[in-house]
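Q: Residue-level listing of the chains:
Number of protein chains: 2
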Amino acid sequence: MMAWMNRESLALTVQEDQAVYWSRSRGKLWRKGESSGHQQVLKDIRLDCDADVILLKVEQKGGIACHTGRRSCFYRSLQDGEWVSTDPVLKDPDSIYGKH
Amino acid sequence: MMAWMNRESLALTVQEDQAVYWSRSRGKLWRKGESSGHQQVLKDIRLDCDADVILLKVEQKGGIACHTGRRSCFYRSLQDGEWVSTDPVLKDPDSIYGKH
Chain A
-1 MMAWMNRESL
9 ALTVQEDQAV
19 YWSRSRGKLW
29 RKGESSGHQQ
39 VLKDIRLDCD
49 ADVILLKVEQ
59 KGGIACHTGR
69 RSCFYRSLQD
79 GEWVSTDPVL
89 KDPDSIYGKH
Chain B
-1 MMAWMNRESL
9 ALTVQEDQAV
19 YWSRSRGKLW
29 RKGESSGHQQ
39 VLKDIRLDCD
49 ADVILLKVEQ
59 KGGIACHTGR
69 RSCFYRSLQD
79 GEWVSTDPVL
89 KDPDSIYGKH
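Protein chains in written order, with this note's numbering: chain A, -1 to 98; chain B, -1 to 98.
With the rest of the complex left out, here is chain A:
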């Protein structure tokens, strides 16, 4: 998955040993997994050569990073000019987010 961080979310990620992002759409900190339970426990945190991208290596709780209930957000592959969903939904989002 890809998400945004600001200075505070990065500091909290290190402090809490779990991924904390900055939700630009909601304008607030976002502790990954706060609704879903799918926290990301920090294993390693890496910085790129021009120091503007961070790569988190994590233990993904529940094995699901994506809000669609899939392991990864990158579940579509370009095949013959069409985006094709190739990865299975592991858990119904309604049950992840408690909408019954």
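In short, the hints are calculated from the structure, not lab data.
For chains that are exact copies, the list does not tell them apart, and a pair is met inside one copy or across any two.
Heads up, simulated DSBU-like pairs for lysine-lysine below, C-alpha to C-alpha not over 30 Å straight-line:
| id | residue 1 | residue 2 |
| --- | --- | --- |
| 1 | K89 | K55 |
| 2 | K41 | K59 |
| 3 | K89 | K41 |
Guided by the hints, dock chain B onto chain A, whose structure is given.
A: Here is chain B on its own, set in the frame of chain A:
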């Protein structure tokens, strides 16, 4: 590595079966490897859930993606509050870019 794409670079990536990015700093298309020889041959191209991030799976020519001569741009790891370079330089950048 992380880089930017625009519509044209994405189309060319698919058409040429190799990574083509948009260099924001240079304001031009950037065929990865055009100077270094470290092209990225396309294996798979993936789209994330909200359709604003693309993940390329590639065969990395020369085994070096980073302009510093390392395999990956993410060669620094946060250890005790300091960014520590953990990954080796595989090839001197001066020899990659022909500065003798």
